[in-house]
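In order, the protein sequences belong to chains W and E. Take the first sequence: its position 261, counted from the start at 1, is 261 in the numbering used here, and no numbers get skipped. Counting from 1 along the second sequence, just add 1000 to a position and that's the residue number in the numbering used here.
By construction, these hints were calculated from the structure, which means they are not laboratory data. Don't take every hint at face value.
[What the hints assert, rightly or not] Taking lysine-lysine and the BS3-like style, the derived pairs with C-alpha atoms no more than 30 Å apart in a straight line are:
no. : chain 1 : residue 1 : chain 2 : residue 2
1   : W       : K313      : E       : K1267
2   : E       : K1035     : E       : K1003
3   : W       : K296      : W       : K198
4   : W       : K252      : W       : K296
5   : E       : K1033     : E       : K1146
6   : E       : K1267     : W       : K198
7   : W       : K24       : E       : K1035
8   : W       : K71       : W       : K18
9   : E       : K1267     : W       : K40
10  : W       : K40       : W       : K313
11  : W       : K296      : W       : K313
12  : E       : K1267     : W       : K174
13  : W       : K198      : W       : K252
14  : E       : K1146     : W       : K252
15  : E       : K1033     : E       : K1202
16  : E       : K1245     : E       : K1267
17  : W       : K18       : E       : K1146
18  : W       : K252      : W       : K6
19  : E       : K1033     : W       : K252
20  : W       : K71       : W       : K24
21  : W       : K174      : W       : K198
22  : E       : K1334     : W       : K198
23  : E       : K1059     : E       : K1035
[As the list claims (entries may be wrong)] One-sided excerpt, in silico: chain W residues whose CB lies under 8 Å from chain E:
no. : residue
24  : L65
25  : S156
26  : A216
27  : Y243
28  : L255
29  : A257
30  : P259
31  : E260
32  : D262
Cβ atoms here follow ideal geometry from the backbone N, Cα and C, with glycine treated the same way.
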Amino acid sequence: MNSILKVDGLTKHFPGSKHSLFGKRDVIQAVDGLSFEVEKGEAIGLVGESGCGKSTTGRLITRLLEPTAGKIEFNGIDITHLSNSEMRPIRQDLQIIFQDPYASLNPRHTVGTIVASPFRIGGVPPEGGTKKRVQELLEIVGLNPEHYNRYPHEFSGGQRQRIGIARALALRPKLIVADEPVSALDVSIQAQVINLLKDLQTQFDIAFIFIAHDLAVVRHFAQRVAVMYLGNIVEIAERDTLYSNPKHPYTKALLSAVPEVDPDAIGSRERIRLTGDVPNPINPPSGCRFRTRCWKAQEVCASSEPQLLTIGKSQVACHFPEK
Amino acid sequence: MNKFLEVKNLSVSFPTEDGVVRAVDNMSFSLEKGKTLGIVGESGSGKSVTSLAILGLHKGSSAQVSGEILIDGKDINAMQENEVQLLRGNLMSMIFQDALAALHPYYTVGNQIEEAYLVHNKVSKSVAKKRAIEMLDRVGIPEPQKRVDDYPHQFSGGMRQRAMIAMALSCNPSLLIADEPTTALDVTVQAQIIDLLRDLQKEFNTAIILITHDLGVVAETADDILLMYAGKEIEYGTVRDILQKPQHPYAWGLLTSIPRLTGNPNKPLAAIAGTPPSMISVPGGCAFHPRCSYVSQVGQSCSSSIPELVPVAQGAHHLVRCHLDAPVRGEIFKNQVAPNL
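For reference, chain E alone in the conformation it holds in the complex (with noise of 0.2 Å):
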């Protein structure tokens, strides 16, 4: 099958005084046009690393990557830094948490939103700002004939991340990578962008990475779920296979501790114990092990040997990468975890 994104054995990794970082190890996954992928995890877990690395942002810094990034068959990683220029904005695009951040002060949101287009497109500025308020149309800002010469600072916090989606999807790029995009906003305002995403992305067929740590955003938007820890992948899954029958012990603790609106609220919440590891100083093994209670089910190799990303069963295209037995697994999750789901 042909895939559009196609990341094989990337690993990013950053040298410090302390030490070298491996803040991404090894990561392997794949995404379909129209097909949205969720990476998952705590902060400091790498999803931001790796996405910057399919932007091809990590050339001219200090960190080395490793492996192949492969877009419509092209290696962004054999790349040089011009020829990635060309397809940033084009072939691929990201939008970030922080708009106000991500959007220039001094200039309007209209000249911002052409300069993406005009880069890219040989038009007059006439066209490109035509364009500009096309997509500020489109992303549902009102009149946008009048906004398109206001400044960021005029926009509320929803509006500038519906500029900023405007912007990246000004030159209709095949692959949208959103990094948090709806972490800053209100629920009501976080429900509407989640809409817009999802509209715009079956208009133009576009390919999602969204980045979040935030599970309920994730299910209501994406088809396959990356479950990330300390630069690992953990759980690689279809959303049903990783929110509902997931394999690996932090799955479950992620899915138990976070309070919802259903289920018991006088139940205490089923919290994993300890905090993430500090990436300079992985554990070694399983580099959850030190928080997972499951440790003493499977013995020593959880602290020595580092666990295979394996299938789940015989063809599963749901990967694990745990040391407990897949029956034991079963028993675990049968008895201890759906209850609590």
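Only chain W is shown next, with the shape it has when bound in the complex (with noise of 0.2 Å):
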């Protein structure tokens, strides 16, 4: 067996408001049904528009969320629904980058505390003491190794994202979940991040789950590719399947929705114009929930919910295939 993790038919509903006193309350149903796997040190990438349920999906994996349904295993072992002392070994293996950098570091505490923190918690005191581990994951990161001392308030923001990336790697974990981990940095900072963490996938043989919705980003980063729409994954391939061949009608318009950079690219591509908004994980659409939107939709869309089909070399979960 190879896959470090398996996720079947995961789901996630959020108690919604009530609309009168003994009214039923709404249901928010943020991830619906998922399944996939990854595989040992393998980089996938969960790409999707705000509001599918990307973010949802890497919280309960990390088991910071309590699915309602469905089965996470993770190294063999069924963590669906282990306690919090249950969970805190196997968090040795099991990390998170947030999106934020400012949020996701304490601001009283010196960045020697806070790369450190995995070993205090985990009660595992690293060989040859806990200064020169963290020093050791400074410079690993491209942080000087003297700035052990300072406080969260003296990097900027990229510097930052480095001290969340040091404190995942401090325990080596078998996967990393990356959430969002470049989208509130610069441009030019961005580069600096997704090619620090890329070396360290190769160097540590990581796998990592990299949530974005910058299809350019996850495409230099992941080897594989899952699209999520309203909770449910409409698609999943390797990268270049997805990128020169997508199958999903929704994949092919994210593509081509991302805009050009080169001028004379710009009238020579393909566009599709989807038209209105994701529609409200309260009452999301019956039978495939992205019909609403899509160009080809038709009776069998409303009526019954596609099923992820293997079909070339991709999975995709409509019933009107690009081919």
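Fit the two chains together into the complex; they arrive one by one in their own frames, and the hints show the way.
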């Protein structure tokens, strides 16, 4: 068995608001029946627009949220409903990097304390002393090891993100969930962090779940990409297959909406303009959830929900996939 | 030639406890009606401060603004606050990045569009409401008669952005400043808003200043690009000049560091080293020199003197602020940059 993570029918429903005293509470179907696997050392990208459930998925996998249904198997162990204390030893292999480098570091702790916290919480003092290991980690992520006594506010956004990365690396995890790790950074800093993450992934053979809304960024990082829409995976394929031959209409529309930097290429590209916005996850459309914005939608799309099926080299959930 | 907007030697500085911050330093540019200028730069480079100066929004703050801002020949910077007020919304208008913060949560969307229209037109409230519905319809809000009475929180992110565009355009302004109008939006909605702005520009012949950090968005909308770094314009030219034949090392760095949908995804991105400078202590000489890989080709002057903004070639409209000699720069571009574009 080579997979580090197996997710089967993962579902998360959040309770919404109540409209009357004895009325039923709304149910926000943030993630609805996700199934996928991550191989050891593999980088998988999770893309989609805001509200599609990609961050919720990341938090479910790291067990920061309790799943409503489904099963999460990490490294052969069923972690779906483990308690906090049971999760603790497992977290040494399962880490997360957050989007906002300003909110995810405690402003009252020095960088040394922050990066050393996994050792303290996990109860696993590193060989050769904590300070030495922290300085090593800072060096690995491209920060000055002498800065371990400084506070987060003394660092820029890109540097803070590196601190978060050092913390995630501390216990040499087998899987890191990176939730929009570069979207809060300036363009010139984004490239530095993407390169760093990619180096670390190959150097330490860590599996990554890279969550992002930027398709070009994901293309530079992931070997396999899953596209999400309203809580479902609509397409999952090897990177080159997905980008060169998208099978789901939504994937196709998403790719065509990315603005083109080369002025000469703008006219030559096929443009698909979706109308309207993503529907409300409290009351998602029946059948295929994308049908309300899809130009190919027919009656069958409203009546039956398409399953994720293998077509060519991709897995697609669509009644009328692209050739 | 008669330029609709002409900015000459604009400087904006803010006195702070740590010293004077020169947020914008000696900027000059111009814009014709029906054209779009993209101002591109990273956070803190002075893009937004420039746009606020054009709208006269620094008046009454501690900011010191010098230089001329000529719109249709009238100098905004020399005017009194109440004179500029008459032009704001009417002659020039602005849309902001965060539509939820820019719209008032207590008033309906219709109210807010009507307010802008009533300030500049002597009409009854019912006429103004009709105008609001007409504008909402024009920017693609479904069922505008019904939605006009909705509050901002009842709109989705993309619809709020549309409502703000409707508000900004309700008085047919000749100049529209769009400050990161699509940054907070999803790609599919971003594409819709870009299309909408382009259509509206054709219809109303509006001059647009588009402020963004996204080179893809400028490539799709702008005619000219002004690239800023640490409060200075460092390169200025047409979209094709800047994106296909960039001359400044910072422009090279930016263009090669963005991940694209084409090109080799297995090759590491050519990132720019270091971080943007703090505006309190801008490096001496060329502000970019601590991050520049070509300093060794020039020597001392990069850290001691600020390069002039000069034409790339004799008589060219493409301007660049860099100490590299033109032939050397051409060589570097041909051999090291162009293959990575």
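For the pair supplied as a hint, W:K313 and E:K1267, is the alpha-carbon distance within the 30 Å limit? At roughly 24 Å apart (the allowed maximum being 30 Å), E:K1267 and W:K313 satisfy the hint.
Starting from W:K18, check that the Cα of E:K1146 is at most 30 Å away, please. The given pair, whose Cα atoms are some 25 Å apart, holds under the 30 Å limit.
Taken at face value, is the distance from the CA of W:K6 to the CA of W:K252 at most 30 Å? Roughly 27 Å between the alpha carbons, so the hint for W:K252 and W:K6 holds.
Hint check: is the beta carbon of W:A257 less than 8 Å from a beta carbon of chain E? This hint holds: W:A257 lies near chain E, its Cβ roughly 4 Å from the closest one there, short of 8 Å.
Hint validation: W:E260 versus chain E, beta carbon distance must be below 8 Å. Holds or violated? Cβ of W:E260 sits 6 Å from chain E, so the hint holds.
Given the hint that E:K1267 pairs with W:K174, does the C-alpha gap stay at or below 30 Å? holds, 24 Å
Hinted pair, alpha-carbon criterion (30 Å max): E:K1267, W:K198. Please report holds or violated. holds, 10 Å
Is the straight-line distance between the alpha-carbon of E:K1033 and that of E:K1202 30 Å or less? The hint holds at about 10 Å.
Given the hinted pair W:K40 and W:K313, is their alpha-carbon gap at most 30 Å? holds, 20 Å
Taking 30 Å as the top limit, are the C-alpha atoms of W:K198 and W:K252 close enough? holds, 26 Å
Satisfaction of hint between E:K1267 and E:K1245, Cα-Cα up to 30 Å: holds, 22 Å
30 Å Cα cutoff - pair E:K1035, E:K1003: holds, 11 Å
In this structure, the hints that do not hold are numbers 3, 5, 7, 14, 19 and 24, in rising order.
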